[in-house]
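Since chain A is already given, all that's left is putting chains B and C on it; use the hints.
Residue numbers (this note's numbering), protein chains in the order written: chain A, 670 to 1127; chain B, 335 to 634; chain C, 12 to 325.
All the given hints hold, so there is nothing to weed out.
Listed next, the stretches of chain C that the computed footprint assigns to chain B, with coverage defined by at least 3 CB atoms under 8 Å from CB atoms of chain B:
| id | segment |
| --- | --- |
| 1 | 126 to 138 |
| 2 | 151 to 158 |
| 3 | 257 to 269 |
| 4 | 272 to 284 |
| 5 | 299 to 310 |
If you're looking for bench data, these hints aren't it; they were derived computationally from the structure. Remember, it's a predicted structure, so these values are computed and weren't measured experimentally. All C-beta atoms, glycine included, are put in the ideal place defined by N, C-alpha and C.
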Amino acid sequence: MTSPSDRPSLTRRGFLTRLGAGVATGALAVSSQGAARSAPAVIRSVGLSKPLGQPSGEVRFWTQNYGSPEVQKKALDDLVAKYRAESGVEVRYEIVNWSDASNRWNLSMQAGDVPDVADCFWLSSRIVAGRGEWGPINLDDYVAEGVFGDVGRFYPLAVEESKYQGSWYALPWRFDTRIINYRTDYFAEAGVEPPATTDQVVDVAKALTKSDGSRYGVALSSGGGSLTTYHHIWMWLLQIWDVPMLTPDYKQAAFNTPAAAEAFQWAADLTLKHKVTPPNILTPGFDTQTEFMAGRLAMTFPMTASFPIAQRETAPQLEGQYAGALLPKAMVQAAPGFSAPVVVFGNSKNREAAVDWLRYYTATESQIALCTAYELANSSREVMADPFYRSSQWWQTIGEQSEFAKMTDMPTPAWSELSAFPGGPIYNMMNEVLAGQPVDELIIKYEAQFNDILTRYG
Amino acid sequence: MTTMADNLDRADRAAVTAVRWRHSTWLTRLALYGAIGAVVAVALFPFYWIVITSIKPADQLLAIPPTWWPSQLTFENYSRVWSFVPIGRYMLNSLAVAVGTTAIGLAIATPAGYALSRFNFRGNLALLTVLLFSQLIPGIVTLVPFYFLTRDLGLHNTRTGLVFAYAVWSVPFATLMLRSYFKTAYPREIEESGLIDGCTRWGVFWRIALPLSAPGIAATGAFSFLLAWNEYMWAAVIITRGDLKTLPLGLRDFTGQFGVNPYLGLWMTAAVLATVPVIVIFSVLQRYMVSGLTSGSVKG
Amino acid sequence: MTSSPATVSDSGDTPRRRDLFPYLLVLPLILAVLLVNVYPVLAALQLSLVDYNLMLGEQTFVGLENYAAALQDSVFWQVFANTLVWTVGSIAIASPLGLAAALLLHQPIRGRGLFRALVLVPWVTPPVVVAFMWTFLVSDTFSPISAVLQGMGLITRPIPFLGGIEIGVGPLTLPMMTVMAINIWGGFPFLMVVFLAGLQSIPDDLYEAARIDGAGAWERFRNVTLPLLWPLVEITILLDAIWQFGRFNLNYLMTGGGPFNATNILAVYIFQNAFQLFRFGYGAAVGVMMFGVMLPAAIIYVVAARRRILAEGI
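The shape of chain A in the complex, shown without the other chains (with noise of 0.2 Å):
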């Protein structure tokens, strides 16, 4: 498989304040540098007060569909194959679909028909919804013992979003935040620049935007439209215009303010009063990315990172003829930032291997080795440091632009309930507001609707 001088066990941060916490440890750890099978258990500190032995057996992992279908398995082989080499634990991974994650999701936690290992979404509705028997376990112990080295190099809004209740229930792994999507030659043509604000959308839309339906200026979303994202640019827009989604508590909906009005009639403006944004949005099986690959729009945002990967698949010929820019702001700059739990259940057979499989997961050379190849960023400031985020444009723009990115799913069970998507009121909202109905109303409604399912979860 691996040759044992490239096989990475430790980040060096982590290595360092393992180093600090015994020699012993620092001496296994650099043994296990040279040993391969002998050594599985020199990440864990022999000082620990709860040491985890010696894992072994098997490990149910599961995971969602990430870059291409070829590199994610390629990835992660390669990467099960160099912690079988080191540890003799044998992972076992499961792609869950993004197009059934949800119901999957649903109905595997409320059958207890969990893997040992996960990298879910929505935290919070995991931990109620295993019923304090199999969802996701209290990491706290193994934090504070070291097991994943050095939590300090994890961006703050990753670890805000790791914990529950003040505790670690997950470790965070990919991070997603978005920016504008825009194609430079369109934007050379009409002499406009990327716009810094929400007015300047506007503005700059129009002069992109072609008066026989060829073209248009602008589109929200990012990707598959009305089957899927439009709840983002919700939470986006009450972000940029400062509204909270939920009073601090997180037991109220917050978002019945004129600025939040403000902000969804701005998005809806751009099909219906300025016309800059396709009138189609709705219509199923329009998608923001395939017709921003087509020619047919000049900007899309909030855009995902891995836009690259569908570019070079369906468009090669747009290769050099896009960039990314920063999100324009409103009242403040801010970026929609989710970063991936990778969670231990409860009911796992084999806690030692799949809080060691965690371990091994999230460690930085791991994190590297996959981020790189999925073409996501990351939730470690460590992998951000790899050469690869830096190699263009586009990763420079994510890497800026997650310095504005803010917690956008709301710690609280009832948010799976919330954002569903489909059908769920945040989904259902944003289309009824793309739509045209007054922005008003739908706030009334709405904010309704989110307390009766809030007050539901107490």
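This is chains B and C only, laid out in the frame that chain A set:
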């Protein structure tokens, strides 16, 4: 003279009629072929589109207006798709599930269909009524309870679970189809002579009824196979393990996190590959299906 | 004859005494039916009477509240109307089309088997393939159909196949018509095969006799084919209606019921409520009502089919 003229006239007229008849036949045939051609074209046009898209170069995939015949053809997708997603694996899974479904479904439905067609036992009609009824229950109504049932039996996330689901699901339809087939496939005297020759009743079923009804059994099997090969909803609920996915689930691998399928050419290729096996099977069995299908589904 | 004690069958190989052999043969069938139909239907009934909190796994008995909630929900009524339009529309067009195709492919022409096989292709295609392939074919931007019409100058803008909810009458919007058309495209071959089988069972001498009587093609169709085929047509339409009523795949995979529920039909609505919105009890209640609505049709079908069975003799 007049008679001769009359005769000639008559002969002429006959000839003209004959020509006109032949002419109209020719026209009728042309119209017939034209109409059939139109039906076939409507049926097949979408397949032309996926096939042509699967062999378009990447930079022509999103051309506006779309290209009907690309400037160059590339078959790269057909070699690449196998490693891009484990489509071979998915095909084998679908094949295993479809064959298992067909085998188990037939193993249940064939004896039952035979019994229902031959023996006037107490409950025969009641059972038929239940069967007729149960093929009308929408799958969505039973999906949720059935999911919990497979889970409780430890059959979720196994090919066995899927086979089990499909097989029992296809059984009412298959039984009704086979029952009709057994009734009409051959004269009953053959069985009676078998009994006289000392066959047991099981022997009659096994050595006489089954071989003589082979075409009907094949047609019924083809339906079970098709059901299992194409089914999406139940598979999506029962299977999560990547290595157990059937083709319909695997075809969703191409769709990414944001509902976009950026691998258009490869997807079209996979779609072609997923469709070819059922087309082949049904082309071969098309003759038997006609009789099998009517008797089973409609006549009851 | 009902399920009461059976009479002696004419073939005489079934004595009246209790005979275990047939029961042995149908035993696996009975188990299968119990497991896959009876149990889940009863479980669905039970589920419809509770508020099932999926996340907490708690079931609270709420009586008929789920039913009441559905009946008060305007979306439910929209979806219900959609489903009726969908069912009637699909059959109204697919049946004549299937019959016409059957008549065409019943003609003794060269290559008939091949043509039949080709026309069957849409019906055997996996629904996942059908849904995605057509999403592309009817997309606003990439549709070759719109492109051709635009090229011919018949339209100036692409047809909003899946987006034009303002076009149409009531539940019969353009998106609904589009999805229905695709459903018909995928469904008429099945009807064709059924009708073909019916045509084959009409004895040739009837046509010969009609021909000798001087009947033209149309008269032969009207006076021989149609009357003899009609019972089959009736029962096929009934059966297909029941099936169309419960359709799921195309609408779920292609539009997810959108835009704004314009293409949402009951099966999709149930799935969304149960699996996407966690409302299992509500979903089950709608399922039970759906079953209730199609029950009369189902009973007519079952009674008709039973009558045929009895006429033929068991």
